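Top to bottom, those sequences are chains A and B.
Residue numbering for the first sequence is 2 to 114, as defined by this note's numbering.
Residue numbering for the second sequence is 26 to 141, as defined by this note's numbering.
Please note that a few of the clues may not be correct.
What the hints assert, rightly or not - Only some residues are given here: those of chain B computed to face chain A with a beta carbon under 7 Å: (1) A27; (2) T63; (3) G67; (4) P134.
Source of the hints: derived by calculation from the structure; they are not laboratory data.
Please read these numbers as outputs of a predicted model, since none were measured by experiment.
Beta carbons: idealized from backbone N, C-alpha and C, even for Gly.
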Amino acid sequence: DQQVKQNSPSLSVQEGRISILNCDYTNSMFDYFLWYKKYPAEGPTFLISISSIKDKNEDGRFTVFLNKSAKHLSLHIVPSQPGDSAVYFCAASAWGANSKLTFGKGITLSVRP
Amino acid sequence: DAGVIQSPRHEVTEMGQEVTLRCKPISGHNSLFWYRQTMMRGLELLIYFNNNVPIDDSGMPEDRFSAKMPNASFSTLKIQPSEPRDSAVYFCASSIRTSGGLETQYFGPGTRLLVL
């Protein structure tokens with residue numbers, strides 16, 4: 002049973018436009034959410050996070066939005082750049098779950114020049 | 026700053042052989058995680074340690090897999106005997122809990138294992 006779902010396996014956008022990557026979760030105990038970016042032959046790298054007390058967190062070109070009632074979060078990248086082409090993983094954890102992260106299966110983003 | 030270090034980066038072995046993967050977490054981090062990534066199952070948590078003590082090994086697939094953390098700066102994941110279905114990329118990650126209780130895991134580059 003997948004508790005973190007990234008239903009779209011891939012996304013292609015034009016350079017300069019907005020990329021919107023979506024993630025849904027089923028466990029209402031999750032209270033901390035993270036996005037990781039992964040290039041081929043490298044480990045996932047932390048990108049941005051949000052705790053459940055917020056509904057938005059922004060860091061440069063990256064913004065994460067959290068809708069707790071819908072159990073949905075999204076990552077917005079604007080403007081998108083070719084270097085953003087990678088696999089993006091959504092992850093979640095629950096307070097008291099001893100640091101355990103549950104990952105989605107990832108979305109492959111391709112940014113076309 | 027050095028990140029999480031894993032060795033070897035690539036390992037090719039024959040079925041039945043013992044495989045040992047190594048990890049050095051980021052200095053000062055007190056939690057360490059082993060993950061396996063496959064096309065079919067994505068990123069799966071195998072086991073994690075807190076302050077060198079195994080906390081949750083429910084993701085370890087079977088008795089052929091074992092992990093140790095003898096000190097704060099070193100951990101191993103061992104597969105004995107290895108099987109072709111163990112072929113995957115194995116990641117190690119480490120983290121430290123902030124005062125707010127939130128943790129961010131930092132990943133190593135991974136070990137790509139191929140069992141023939």
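Each hint tested on the structure:
no., hint, verdict
1, A27, "violated (13 Å)"
2, T63, "violated (10 Å)"
3, G67, "holds (4 Å)"
4, P134, "holds (5 Å)"
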